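Student: Protein chains in written order, with our numbering: chain A, 5 to 244; chain B, 5 to 244.
Source of the hints: derived by calculation from the structure; they are not laboratory data.
Computed from a prediction, not measured in an experiment: that's the story for all the values here.
A hint or two may mislead.
[What the hints assert, rightly or not] Which residues of chain A face chain B? A few of them, derived with a C-beta cut under 7 Å, are:
1. 5
2. 89
3. 199
4. 242
All C-beta atoms in this analysis are idealised placements derived from N, C-alpha and C, irrespective of residue type, glycine included.
There are 2 protein chains.
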Amino acid sequence: MIRILPVEGLPEVRAGDDLAELIAARAELENGDVLVVAQKAVSKAEGRTVRLAEVEPSDEARWLAGDEDPRRLEVILSESRRIVRTRPPLVIAQTRHGFVCASAGVDSSNAPEPETVVLLPEDPDTSAARIRQRLRELAGVEVGVIVSDSFGRPWRQGTTDVAIGLAGIRPLLDLKGVRDPAGYELHATVIAVADELAGAAELVLGKTSGIPVALIRGYDASGEGSARELVMPEERDLFR
Amino acid sequence: MIRILPVEGLPEVRAGDDLAELIAARAELENGDVLVVAQKAVSKAEGRTVRLAEVEPSDEARWLAGDEDPRRLEVILSESRRIVRTRPPLVIAQTRHGFVCASAGVDSSNAPEPETVVLLPEDPDTSAARIRQRLRELAGVEVGVIVSDSFGRPWRQGTTDVAIGLAGIRPLLDLKGVRDPAGYELHATVIAVADELAGAAELVLGKTSGIPVALIRGYDASGEGSARELVMPEERDLFR
């Protein structure tokens, strides 16, 4: 059995906060637990915010903005390695980490103050590793940590939460060479376990109730890896 | 707290089996539970299989097959409304239901016998509704039912399980007009809850251990809807 528990009672996260300390004070952690932390909490703790008043929009940003704030589009462009699709003011971009998502992960909801946008963490794997290490120090436990964000998907409505950073977690489960009960070899069956864990955690998070951390117990996801393994390599990507 | 439990001990499913009866005999169901049933079990119970010996491949199927069995490609073509991308022998297609996925959902692993492929259910919402109605009769419970399948995603490695059919479930949670704790209105925040539930269930299913059903308890997903609401409408689709 797998259990998914919200970590309740966290205060509004501010730049410089020690997220692991806030979590350890509110959750009874056990070895093997998986903690899923919403990207926005991580980004805010790391001070990854931009005041729009300090942004000068380029012509490209003005064009992409349509009727919306061109300064926000300028921030999106600065976070992008490549623009994948646009329909102003909607921009699907590949971030410097390699993730393809709306607005290169730049978001205004749940920002610490008005006229401010929140960026993805500089290196979400490192963010996850830092939380993991601090929880080891503070609570003496070995847990896995996933930093999650809500991504849209081509062809399907609605977002699901996926892993953009992780530590102590095996992101993919590769069943290649494994046989089904009838002895038939499974082809190319690689399961994005870290994304399924992030999506499961979203069910207890709640964007409006201000719960940015969930704990998953009873699933052995332990291993080493990077959320960048979840990015489709260019040569296998049919949808560039 | 959400709990995810595998429904263990189901026999290999055969055409004509009453899946609800097999489930009711092995799970202590409660009102409000969500049952996630793997598509392959549903398809097998419904006899949605094709013997390759009875398939005559077209020229198009031969071309798409590359080095693989052209009869399998012929079945994929017959299940497709539209071919989205090909890189022989890989075909991404839109099924008649509207879902975009590899091989139009046609699969050879976990098939009931060799030289046989399994198709998606004719109407997975109806499949889910039938199981739901039978569980009401057999166990006197009101549960939600999701029929799930493993889909790949553009830009990301690995599959996650998503909902292709459902009954008694609200597939999307629309937070439009809802405000975050700072009073900022959330834009276009629609969460694909049914897909997150399907992905969470996959964590206890296991393609190789032959467990095709999971029970999710503690999440209120009740409502009415269709898995087709999870398909992006053509006019909003940037990735046709």
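Student: Starting from the hint list further up, note which numbers the structure goes against and sort them upward.
Tutor: Every hint satisfied by this model.
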